[in-house]
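Participant: Sequence:
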Amino acid sequence: MVNVDAGTGPQTEIGNGAGADTRDGDAVSRFVERFAAQLTEAGMQRMAARVFAQLLASDGGAMTSAELGEALRISPAAVSGAVSYLTQVNMVSREREPGSRRDRYVLHNELWYETFTRRDQVLTLWEKTLSEGAATLGTDSPAGARVAETAAFFAFMQGEMLGLMDRWRVHKATIGLG
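Using our numbering, you'd call the opening residue of the sequence shown number 1 and step up by one each time.
Think of the hints as simulated: they come from the structure by calculation, not from any bench. Positions of the beta carbon are idealized from the N, C-alpha and C atoms, including for glycine. Possibly wrong hints are sitting among the right ones.
Pair by pair, the computed Cβ-Cβ distance ranges are [unchecked claim]:
#1 THR139 - GLY176: 41 to 51 Å
#2 GLU41 - GLY61: 44 to 54 Å
#3 HIS108 - THR150: 27 to 37 Å
#4 THR64 - GLN88: 13 to 23 Å
#5 ARG167 - ARG30: 14 to 24 Å
#6 GLY133 - MET165: 47 to 57 Å
Using the sequences plus the hints, can you model the full thing?
Facilitator: Structure representation (structure tokens):
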């Protein structure tokens, strides 16, 4: 919901119902677009990055298609495509609003932990395939040595990622985040 308050510019109500904070809508939009641009530069699809950043910036971590379209000034088709991608990569899920036929798109709890845990599964698969490729190419050949080094890198990353996630859980508790 966007309110215009004379003298202070557009204000965006973030939250659900009573006690919702009123924030500078332009500043929120600038944050969403800046973070979305960074996600896009890192390889995420542009519309998916915008939708993800908007969900992240919402107090409830969930919005309907209409709310996303209004907040981002994009078409329902653009929201649908972005949500399809985000659902496919397990960054959001679709939930039905109670008593409604409208879907809400929801960020996962512990989003980054879950994302990196899934990356660990990808690293395992890549490492296995690369190790087999190195054996096929012969580790004494330049290509085989390069592929073997890549496999070793992914094996190293996988081991470090597990320890990193454990340390994150401890650190998160020590800084009062849960």
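Participant: It remains to establish, for every hint, whether it holds in the given structure.
Facilitator: How the hints compare with the structure:
For the pair THR139 and GLY176, the beta carbons lie near 49 Å from each other, so the given range of 41 to 51 Å is met. As the Cβ distance of GLU41 to GLY61 is approximately 24 Å, the hint placing it in 44 to 54 Å is violated. The hinted window of 27 to 37 Å between HIS108 and THR150 holds, with their beta carbons roughly 30 Å apart. Range check, THR64 to GLN88: about 20 Å between beta-carbon atoms, so the 13 to 23 Å window is met.
Distance hint check for ARG167 and ARG30: the Cβ-Cβ separation is about 33 Å, which falls outside the suggested range of 14 to 24 Å. Between GLY133 and MET165 the Cβ separation comes to about 28 Å, which falls outside the hinted range of 47 to 57 Å.
In summary, the structure is inconsistent with hints 2, 5 and 6 from the numbered list given earlier, while agreeing with the others.
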